[in-house]
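Colleague: In case you want the letters, here they are:
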Amino acid sequence: MSQRHWTAFCFLALAISRTATVWAQGGDAAPVTTAPGVGTPVPPPVPPAALSAALSAEELQSLAGEVLPSSLTDDAPSLQVYGYADFTYSALLISQQNRWAQIYHPYPSFAVGNLNLYLSSELGPSWRALSEVRFTYLPHGNEPVVDGVTKKVDTRATDYAEFERPIPVGGVIIERAWLEYALNDYATFRGGQWLTPYGIWNVDHGSPTLIGTHRPFTVGEALFPERQTGLELHGAYSLKATKLGYHLTLSNGRGPVDSYHDFDRNKAVGGRLFVETRAIPGTLTVGTSFYKGLYTDRAEINAVDSSSGEAVLSITRPITSQYHELSLAGDAKWEWQKLQVQSELIMNEVAYDVREQKPSLVGPFLTADFRRWGVYGLVAYQLPWLPVMPYVIVEYYNFSNRPEVPAAYGTYLGLNIRPIPRVTLKAQYTHGTFDGLGSLGFGRDSISFLELQAAWSF
Amino acid sequence: MATRAVGQLIQRRSLLLAGASLFLKGNASAAGQPIVVVVAVSSATSDLGMSTLQRIFGGDQISGRDGQRVIPFNQAVQTAERSTFDRIVLGLSPDDIARYWINRRIRGQSGPPRTVPSVALMRRVVAQLKGAMGYLTADQLDGSVRAITIDGKRHTEPGYPLNLR
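Chains as they are written, first to last, in my numbering: chain A, 1 to 458; chain B, 459 to 623.
Don't take each hint at face value.
As the list claims (entries may be wrong) - Just a sample of chain B residues kept apart from chain A, beta carbon distances all over 10 Å, derived: (1) Gln536; (2) Arg612; (3) His613.
To be verified - Straight-line Cα separation of at most 25 Å, DMTMM-like style, residue types lysine to aspartate or glutamate; simulated pairs: (4) A:Lys240 <-> B:Asp597; (5) A:Lys240 <-> B:Asp554; (6) A:Lys240 <-> B:Glu615; (7) A:Lys240 <-> B:Asp518.
The set of hints was computed from the structure by calculation and includes no laboratory data.
Every residue gets a Cβ at the ideal spot worked out from N, C-alpha and C, and that includes glycine.
Can you make the complete structure from the sequences, with help from the hints?
Modeller: See below:
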């Protein structure tokens with residue numbers, strides 16, 4: 001996005017916040033009505049700082065069992081630390097001769113998949129910050145394919161605190177880190193790294209919240225960027241039982257190191273509009289999202305030119321890969337009593353300016369323009385007398401950028417059990433069949449696997 | 459064996475639910491006391507729509523016409539007032555409401571309103587903190603706070619949405 005796009009974004013943000021303020025001040029649907037002349041017999045409320053003095057030490061202590069907002073005291077900002085984790089047993093239910101046993105880890109395994117920690121803070125009136133990090137064993141044990149050879153990454157280091165015994169070193173993934181300012185009820189600005197606000201699954205995000213053991217492939221394949229770094233403006237307007245919400249985003253877009261470097265001047269834009277209504281039985285949410293960006297990767301070539309008699313460093317950054325992408329999505333979710341039905345349809349289209357040469361199992365190839373898309377539907381019903389929710393997910397996807405993976409149909413059958421609100425136990429059977437063979441014949445075989453998962457929040 | 463265990467579990471849970479239901483009825487509705495939403499006596503707010511009340515206590519940020527942010531306060535977690543309020547206003551049972559807030563926090567959304575551990579403290583906080591809003595049963599009202607109407611109805615009128623009966 002060029003400078004004029006920046007200007008347009010800022011203008012749009014300002015316009016929305018102004019409009020929202022007008023709604024807030026004079027709109028018929030302003031949520032809180034007032035009664036003129038009320039309250040003359042009593043003194044006006046004391047300011048927040050005085051509340052601390054008005055309450056006894058014992059009362060304050062009991063109140064402090066939960067974090068006090070800065071609006072209650074003028075003390076340091078509150079900090080909440082919480083998170084979630086999951087532990088999964090997964091097993092392929094296919095024979096050793098099945099082609100998919102060559103791709104996926106063929107031996108049943110236990111794994112701690114996510115260990116995510118949140119730091120949330122109310123920094124002051126209207127200011128809020130959130131950080132989420134995931135602790136992972138990776139890159140230890142990762143198996144990248146380089147020139148057709150798989151080589152396991154070994155991060156073991158000798159532990160100087162324990163007689164030089166080898167220990168594997170893991171990593172930390174910054175899932176999100178943002179600061180936001182709520183201008184009013186209808187406009188909140190957010191800056192930092194945030195999860196792309198599209199659809200349902202990407203926002204639900206954490207394993208205790210998600211119904212299934214893993215994301216549908218349509219979501220996991222990141223047809224939209226899972227997270228972006230930049231600015232976000234979001235808000236909602238309510239009219240009785242219906243809420244209309246929006247998100248607008250401006251970011252580095254997708255790139256090789258998009259968390260902190262953009263390799264072009266064209267910022268990515270995106271947005272989401274949704275309607276949530278309780279005007280029908282249950283709650284229905286319908287949304288649509290888009291993302292438009294330019295992916296650019298560059299090499300960096302350093303040279304010293306001494307032809308003039310003076311050494312001059314010359315650095316050039318030729319583009320090695322560049323493409324425009326457009327992603328579109330629609331989603332719907334209906335919750336009625338114990339029933340939940342949801343679906344997402346996601347599309348991503350890529351058009352290259354500079355084609356890159358990509359490695360593959362059968363040698364390097366030049367990437368072509370492509371369109372990939374997928375859709376899934378989920379139906380879940382929580383039993384009335386037990387905290388057990390059977391569910392079924394059906395999915396179809398077609399990722400034409402991966403010739404070795406033919407279009408596929410997936411069926412997931414599972415149980416989601418919440419013995420207590422903070423613990424979720426899941427059992428899921430997944431079966432996939434393929435529409436075609438794919439470039440390496442993987443489509444000849446179907447794939448099935450079982451996952452048992454315990455997810456908990458803390 | 460497993461079937462028997464599941465059967466016993468269902469039976470036990472049913473008994474618990476029945477007991478909990480009786481407990482709630484016994485505490486919150488035996489006296490027929492409706493829940494009243496309260497603000498400071500001097501507050502400019504006099505009426506709320508039910509959907510706005512849902513948004514305020516469901517985690518959304520809401521301001522009054524004067525621009526003052528509404529700061530909601532909940533009763534203590536295992537009180538009959540809290541359970542009743544969550545059930546009527548948000549349509550969620552105690553287990554469901556716990557999941558609701560856990561899910562919101564994992565999504566990165568704001569957390570629940572803070573809890574005030576006693577009715578007396580609820581009245582004091584609402585009376586003294588600008589923008590504060592809480593709830594009580596009607597018999598807990600005193601002159602320090604003011605009950606507002608919901609969808610234009612007083613708690614003494616038929617059709618009041620927070621009436622248990």
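Colleague: Determine for every hint whether it applies to the structure shown.
Modeller: Verification of the hints:
no. : hint                  : result
1   : Gln536                : 13 Å, holds
2   : Arg612                : 13 Å, holds
3   : His613                : 16 Å, holds
4   : A:Lys240 <-> B:Asp597 : 29 Å, violated
5   : A:Lys240 <-> B:Asp554 : 23 Å, holds
6   : A:Lys240 <-> B:Glu615 : 21 Å, holds
7   : A:Lys240 <-> B:Asp518 : 14 Å, holds
The structure fails to meet hint 4 from the earlier list, while all remaining hints are met.
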